[in-house]
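Put the two chains together into one complex; each comes in its own frame, and the hints tell you how they fit.
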Amino acid sequence: MSSSIQSDHLANYIKAIRDRVGEIVVGQDVVVERTLIALLTSGHLLLEGMPGLAKTLLVNTISKAIHLDFRRVQFTIDLLPSDILGTEMLDQKTSKFRTHKGPIFTNLLLADEINRAAPKVQGALLEAMQERKVTLGSNTFSLPTPFLVIATQNPIEQSGTFELPEAQLDRFMLCHRLGYPTVEEEEEILRRNLKLGVEKKDGGAVARTEFDLVSDSAIGTPEDLVAATEAVHQIHVSEVFLKHVVDIVERSRKHPDLELGCSPRAGISIIKASRARALIHGRDYAIPEDLFALAEDVMLHRIRLSYEALAEGKTPKQILKQILDASIS
Amino acid sequence: MFALLMSVQAQQKVETPLGLPTTITDLYIPGTKVEPIPRKDREGSLVIRVIEIKPAADGFRYDLEVYGLDPGEHILSDYLQREDGTSINGLDHSAQITTQHALDSLPKPEELTIIPPKKIGGYRLLSIIVGILWTIIFLGILFYKKRPPPTEAPPPPPPTLHEKLNTLVNAASDGSLSKNQQAELERLITGHWKQSAPELASLSPSQAIHQLRTHPEASPLILKLEEWLHAPNSSASQADINQLLEPFR
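These protein sequence lines are chains A and B, in that order.
Under my numbering, residue 379 is the last one in the first sequence; the count climbs by one each step, no gaps.
Under my numbering, residue 474 is the last one in the second sequence; the count climbs by one each step, no gaps.
Chain B extracted, bound-state conformation (with noise of 0.2 Å):
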């Protein structure tokens, strides 16, 4: 019967945090009185304290207070003995105190584990393959033959200043000039003539008339078709105006 109480007082393995108090109960041991071993020195992984001594049917029940200063298990019989400093015999061995550091208490980290990357590569691979269509397409364009566009008759060259000039001269021997058409025959008139006398060729039109007013050949024309054209009661007839247009002809 007492080995089997012992069997179960020590099967409740107590456990108890680092340096501090852990109290047990109703542990009994038979015989006389015990007491804890007086500590001497540091070395002690237990310090036991004896709060109440209870009589039983062979011996006593103690409720005790523990501290455990080392982690790990430790036997409690270990740390008691008699009054009269003998050991205790035959107390289960199995009655343990387990001590755990507080760092135990706390959730480990994840264990690393190592996964090895994928195979690195085909980076010139593909730089290859996407410069062998660069250079396809870029040819592609580049030879293309585009549909040539149809064919149509090139413009007419626009009228030359003499072709113009001689349209109105006619118009002009006919007497069916407009009054545009008047204004265009004057002004190419000057601009004949600052084409063919090369010392009115650089000249601004402002001055090239101005020059054109007083040169020998230019003036009996130039005056005669202002005087035409612009003064309010002209005494220039259609037969003058024929006369002095007849070298455009």
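The shape of chain A in the complex, shown without the other chains (with noise of 0.2 Å):
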């Protein structure tokens, strides 16, 4: 440990909920850390990724790790503002409207394949998410403290879904792709779901999954996360690391392969969450090596291609890697 700010019991903490997540699921370490960096400033998330790479199961861990309420909307075509953020009804009995609360109103919650929501679907949440207040009728309501939404989106079946416009996407602050785990971690994944075993209950019985291995034990206080929340913003970012920011950030702007570059909102994020990652590690100052690890996630969704760029079958991955490799060459 090389900082004098981060205390052991700080260290420990984080330590204790990727190995609380690690016992459930295998090989997402990184999705982990990315979660944890969303939590730690206030960001968003969005997992772009196949069905069945255990993002619900993540993320319930996560939560339940660090006791924090946990909801997930599935969102569907049909799904209205309304389902999301709650609603006004009128109570027969005291002829008063009454107040019902969407599953908005949680620490965690999960906007499971955002994308295939109706753009004011999506636009609601979205304005909840960053203004961090629900106005029901007429009065407004906070969210609760943390408040993080993940959401996630298939980046391969595209019929029948809304695509998130630039500005929209812009809003979170990492945009993480989920991959398959290494064969390896498959065959531990295997290994596991082998000794599941059946679970008997109420005189039947019923094959256990993931999810009833979850503990309910929260790991540490919400104190020990109001602790690393505020020790995200102790972290030193030197003078050095904005100038490495804003190289990238300017780079992007001015590749000729690209229509849009990174806002400035790309900028604070990357020294956020590069400030988050380094406190992860153990770390009480920026490097390099958090800006690079991060770019993918806070850069690749707020870049947009040209018209010629697409035509010549260019992805907006290879102009990041160019952005990168030419930053250090």
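Among the clues, some could well be false.
[To be verified] Simulated crosslink set (EDC-like; lysine to aspartate or glutamate; CA at most 20 Å straight-line): (1) B:Lys389 to A:Asp297; (2) B:Lys258 to B:Glu290; (3) B:Lys404 to A:Glu237.
By construction, these hints were calculated from the structure, which means they are not laboratory data.
Following this line, the structure appears as structure tokens:
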């Protein structure tokens, strides 16, 4: 531990969370790290990946490990804004309107397949994410603290979906692309699944799932999470680090193949996320490794290729690689 | 006088449409009364009906109604006879009835005149001329001697990684590096090691930096640089950095 700011207690707290998730979910250490970064920096996280990569299990495990309230909403085409935000209902007994708060009033909201909902639902959610407030009727309610939205979308199946526009994608601090596990991780997943067994309940029996393994006991206290969040803001960011960030953001705006480069919000997100990553890795200052490790998750969903680059078959990932390679050569 | 009268009457050539009645009034015929020759078949071209007979000096004046059944000119006396059945002698043969077919009264269509077309040809000649012109213009464009661009000195090649590093390292030894130059120096050193170590060449910058932080040769400099440039309370001195940067001079 190189820092005098971060106590051993805080380091143990973060390590314990990662270990707890590792007991349930195999091989998603980077996603756990990104989720913690989003949580500690009050950002939001968009996960892109195929179904069956344990996204829901991961978020569920993290929420229980940190003792956070967790809700999951499956986005569909017929979902309404009131299904997420809540609504005012007429109570027939009292003849008065009663506020029914929607699932957004939670600490950790998993918005599953966010691109399946109509734009007005996406807009309502993203507005609440930005303002951390919801207005129902004439009353405005603050969302619980901490509040984190983890949205998922399937990158392949595009029929019947509404692609999030760049302006709304920009509100997600990180967009992480989940990959398939390695061969060793896949074997471990299968081994663990074989050991799940059967649960007898109410005179019947049912095959156990990974969700049954998630422990309800929380690690640490809410104060630990508050302390970790505060500690992120104590992480030192040097002038030289700022120069690195500005250089990369600037390169994205000047690249000939990009129609849309990174916004200033991207630079802010890189610094916020780098601070949280430094804390997670036990440092009290951000270093270029943080920047380069987070560049894809922060920048890739914020850039848009030009028509000519698309026609030439280039991909945003290739262009970002060019930008990062050019910055060190 | 009689002959003159007949002549006048006869010269009034009566024209009648085919099948329609025409009335002839006051036709003077000298002698006894005359009557139309009865039609015994369908050969006759005129049908004559006596409307009125008026006595005159040596004969009678007749009002007749005449139907022309065949187109053409018909002599009136051929269809009349005396009451005693004798033919009329001395009646001027020029007293005629002209019967016209209805179609004859209609305007005739214009006669078609055949105008021979102009001589067809010349296309082949025109094609050949256009082809020759096209070839000449094409060859002209192809072999037109463009003026060579004014010879300019080729732009100096961009400095290599080593040259850039050398400049920054020298500035670092003087302690005159700006923050931008410090950032560039740190990135270029990463790039230098990424190029130098074959196992790092294919890695992304993120992975390369991660590897370099534990690399036996690169890690002392990388970690020292990190501490020097990023740590809030750096213990690295200028002399330490100069010593580590010595291989890049």
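These are the hints, each one checked on the structure:
no.: 1; hint: B:Lys389 to A:Asp297; in the structure: holds, 17 Å
no.: 2; hint: B:Lys258 to B:Glu290; in the structure: holds, 16 Å
no.: 3; hint: B:Lys404 to A:Glu237; in the structure: violated, 49 Å
In the structure shown, a violation is registered for the earlier hint numbered 3 alone.
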